[in-house]
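Visitor: Top line first, the protein sequences correspond to chains A and B. Just so we're aligned, residue 1 is where the first sequence starts under full-length UniProt numbering, counting upward by one. Just so we're aligned, residue 1 is where the second sequence starts under full-length UniProt numbering, counting upward by one.
A few of these clues could be false.
Heads up, incomplete: computed chain B residues facing chain A, CB under 10 angstroms, no partners named [what the hints assert, rightly or not]: (1) Ala68; (2) Met92; (3) Gly94; (4) Thr116.
Because the hints were derived from the structure by calculation, they are not lab data. We put the beta carbon where it would ideally sit given N, CA and C, even for glycine.
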Amino acid sequence: MANRYLEIFCREAEEHLASLQSGLLVLEKNPARTDLLHELLRNAHTLKGSARMVGLADISAITHTMEEQLKGMERGERKVDAQAIDLLLRGADAVALITSALMRGEAPELDVERFVAEYDRGELGQHLTPEPREAQPEAISDTVRADVKTLDQLVNLVGELIINKKRLESKLDRLKEVTYALPAEHAAPLAEFRGDLEEDVLYLDYLIQELHGKAMGLRMLPLRTISDGLERLVRDLAQQLGREVQFQIVGQAIEMDRVLLEGLKPILIHLLTNALSHGIESPEVRAAAGKPRRGTVLLSARHQGNSVLVEVRDDGRGMNPAGIKAAAVSRGVIDHREADGLSDEEALYLTFRPGFSTAEIVTDVSGRGVGMDVVKKNIERVKGGVTLASEFGSFTQVTLQLPLTLSVLDALIVACGGETFAIPTTYLQEIVKVRASEIDTLGSGEVIKVRGATTPLYSLSGMLGLSARRETGDLPLSAVVLKHCDQRIACVVEAHLGYSEVVVKGLGKQFRNVRFLFGATILGDGNPALILNVPDLFESGRGVQRTPLSAEEVQAAQRRLKVLVVDDSITTRTMEQSILVSQGYAVVTAVSGEDALEKSAEERFDLVISDVEMPGINGFELTRALRASEQYRETPIIIVSSLSRDEDKRQALQAGAQAYIVKGAFDQGLLLETVQMLIG
Amino acid sequence: MGDDNSYDIRTILSQMREEYWQALAEEETEAKETVECLVFTLGGKRYAFETHYACEVIRVPKLVRVPAVQSLIKGIFNLRGEITAAIDIRPMLGLPQPEIGATGRILVVRGDNFTTGILAEAAHGVQGLCFENFEPFTSGSGTKADFVRGHFNLEDGNVILLDVEALLADPELLAGEA
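The following block holds chain A by itself, in its conformation from the complex:
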């Protein structure tokens, strides 16, 4: 058979036909069981839709008639009697005849045109042979159908294999340590054994990787499997709407997880329907605007990192930010004040708000139209993101970012609230270090600048309702910048622990309604880590605590303040260093004024503490030199000296030091107080 989409259709049809047949036979025996009608309707409706997708007009017509008959029964307008059921069964038989002929690549033994016409009039197709043909020897196919659940289990088991292999590897390392501790005569044979074992584990690793690739591959299908039907959809829709459209598809061979692909199909149907009915103008309007009469709709797919970008772009009338704002206000989605505060780009995203879309597109192709909010929900369900771009009058572009698969994700592993979380990289923009001086307050919340954009800063552990457990000592404050649609937020985490490909595991029914979580994975140490469902973090409307930074986190932001300690005495250096480190400051030491100048040129210090009497340049000269440089013009400098004469103090202040501490009266409280007073 030439067209494998037809093959897929035929297999699908078989299922629906079997279900129709058995349902109808039950109904024939118990005409009172009208509860069956709904399922039968669904079968007929799906068949109709699928037939349309592959361009089988005859089947589509027959199933359409069946659907009408069933609807009549459901509404009680049509009697559920033997005759009516017979008629339905004849319809199912005819469809079966056509599909089985298609499978064999032959013409059906049925005057299809005549049957369709008669069937439409409600006549029994008398010429249809009710006896099924003699059983044909089943064509031996080189494919088998597999349950997605079974594939999931397979992928799951391979994931377990990976984890177990990691354990074997760590055992090998331990064996190495044990070998080192043995006397040579015992160590030699053990080392040889270990070498052999290592080779075995390496080979096992290779096999597991192959197996993993194959198992994942089983779930992948090219975009072509759904895009072929879309061409037909666009063609029919264009005719119906009186548009002239050139539909291009780029990247049909891009493969994606089949579950994702199934989720993508209704989204694309919706976007294309939008592009044609709201985007592309009529040829006359286009001509008047100086555009080619024929509009272009481009569906393209390409890889980007470990995700797939799918774009739908039309060169139609574009989106009008002002119009969208007005519509959103009139529909009560936002109020005037909010509307005024929105940029043009932000306005585009109003179309995603529930309640925005009121225009119901009713066509017999896509059925009852749904709003963009449903599109967004569907994309979130498959862990994707969506971005909009448009220029009023010239184009609209919707970009979907989707993971390749839902069973293995690329994730950033972070520590937060004493636990480990995985953040899918599709939502990750970047990792930033946050300095206390970079945190601003805006309204009641904290913000930082990320690439020039003001971004709200939250505590991830606070948002998740976990108590922050900072065990990371004097590590600087890290934040992950997350993106979702047009929004960005920065979330403070304790530490990031690197990128990893994680095997996604479901949390089971007990966690069906859980928030913030998409699933879990098992890390190399055998412990689980939760995978965050990032869109939940953006939904402040549903009562997510947009928690500001905890006191510890604020302190951590301050802690990273860097101090340069300059003293030729190792005792003083070590003492000052340990006092400052214990308070969370990062400390670098220098043994002389020259050393200090070199180090201060290499990195930026927030404070300098210096001795006066040192070999080479002394503390006063160092202070003057630092003051002379542009970088350290304003940096606080503390002089710590055993010289207690007023003359020395005066000289220090003249050189530009902010404070003078006498070593004789030195106590750590005074030093800390001074440091905190100067840099907080």
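Fit chain B to the supplied structure of chain A, relying on the hints for placement.
Guide: Chain B in isolation, oriented as in the chain A frame:
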């Protein structure tokens, strides 16, 4: 040897026979009325449920805390690749909650909808408990007893029989916002 020390072999034999039959009869009646139960400690008291609910008993592994769920879900753990919840049912039973220490165990139970792990202070293994000693729960005794079927009066104290089905069907066990 006097008469006192002599023995009548017939009497002894008949005694032995009697004992033998009696023992047999006892065994039979007992076999009919015991129920195999997993016995464990919750809130300092002994509890039990029928063994057929229990999949396994394990040491408490590292529990990963789950955000935004009710407090009785103490965390999740890896049960041979399956992510499983560890739950503390003591608040549901109105029990005190002493720290789960080194003797602590997780009793993995399989319900209709999900498998979950019940945290217990200790597990005492499987015992055959005799129905003769069972007292069904009667209302009015003042204790919180939604998930209790009754208790066994044993020589060394009471063992309370949990209603696992009622417990697992309780919506409070389903993770969601507290």
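Visitor: Indicate, hint by hint, whether the structure satisfies it.
Guide: Going down the list of hints, with the structure as the test:
Restraint check, alanine 68 of chain B versus chain A: the minimum CB separation of about 5 angstroms is within 10 angstroms; hint holds. The criterion of a C-beta within 10 angstroms of any C-beta in chain A is not met by methionine 92 of chain B, whose closest approach is roughly 15 angstroms, and the hint is violated. Because the beta carbon of glycine 94 of chain B sits about 22 angstroms from the nearest beta carbon in chain A, more than 10 angstroms, this interface hint is broken. For threonine 116 of chain B, the suggested interface contact is upheld, since its CB lies about 6 angstroms from the closest CB of chain A, less than 10 angstroms.
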